[in-house]
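Fit chain P to the known structure of chain Z by using the hints.
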Amino acid sequence: KNEVEQSPQNLTAQEGEFITINCSYSVGISALHWLQQHPGGGIVSLFMLSSGKKKHGRLIATINIQEKHSSLHITASHPRDSAVYICAVEGGTGNQFYFGTGTSLTVIP
Amino acid sequence: EAGVVQSPRYKIIEKKQPVAFWCNPISGHNTLYWYLQNLGQGPELLIRYENEEAVDDSQLPKDRFSAERLKGVDSTLKIQPAELGDSAVYLCASSSQGSNSPLHFGNGTRLTVT
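Line by line, the protein sequences give chains Z and P. Numbered according to our numbering, the first sequence terminates at residue 109, and the numbering increases by one at each position without gaps. Numbered according to our numbering, the second sequence terminates at residue 1114, and the numbering increases by one at each position without gaps.
Note that these hints are calculated values from the structure, not bench results. Note that the structure is predicted; figures quoted are calculated from it, not measured. Misleading hints may appear alongside valid ones.
[As the list claims (entries may be wrong)] Coverage of chain P stretches by chain Z, computed from C-beta distances (three or more under 8 Å per stretch; other residues unrestricted):
| id | segment |
| --- | --- |
| 1 | 1060-1067 |
| 2 | 1102-1114 |
[What the hints assert, rightly or not] Just a few of them, taken from the derived set where beta-carbon distance is under 10 Å, the chain Z residues facing chain P:
| id | residue |
| --- | --- |
| 3 | S24 |
| 4 | H33 |
| 5 | G42 |
| 6 | F47 |
| 7 | Y98 |
| 8 | F99 |
Built from N, CA and C at the ideal position, the CB exists for glycine as well.
Chain Z on its own, in the form it takes in the complex (with noise of 0.2 Å):
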């Protein structure tokens, strides 16, 4: 049983596209995260929220604590964003971290 489900896993889009990964949990939480991982690369955090929503650049994300649901949207999208976004909730027993698998995004030129 996954505590966090995110969908879809695997993302084509064109250069431009407005794209929505979304992310499904089912634990009670305090916050949920959303990473990023470029192939080869660390895991950078790219927000961390516990109710409504946040915008960085092109990257915004929401959440809906009541319906245990969130997006990352990405606007204008370019080549470089390509890259695997991992939903992550602290919460549960213990308070600790649960990942989902991760969606992986190409944007093709």
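Structure of chain P alone, referenced to chain Z:
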């Protein structure tokens, strides 16, 4: 600020050999995590430290894996003996004390066991 530093970046060993990984967290971060990540999967927790205390090591295979965080700063993760199935990326992450703090990851150590 300097990020989480891990070494080595890559390690190739034969099975049954020992191996050790090192992590230097961000200065002032009390919480340190070791994760294992297989290809196409999300990170899986091995152990979590609050200062020098291991507060969650329930997922650490203690027959072959060990970790320490002396003085509550740097940490080492050891595997002895390594098995073929241990091939993975070993990630170290740190955060400041308390919940709702961003996680900062190192670049990881990619281990290949032959």
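Hint-by-hint comparison with the structure:
no.: 1; hint: 1060-1067; in the structure: violated (count 0)
no.: 2; hint: 1102-1114; in the structure: holds (count 7)
no.: 3; hint: S24; in the structure: violated (14 Å)
no.: 4; hint: H33; in the structure: holds (6 Å)
no.: 5; hint: G42; in the structure: holds (4 Å)
no.: 6; hint: F47; in the structure: holds (9 Å)
no.: 7; hint: Y98; in the structure: holds (9 Å)
no.: 8; hint: F99; in the structure: holds (3 Å)
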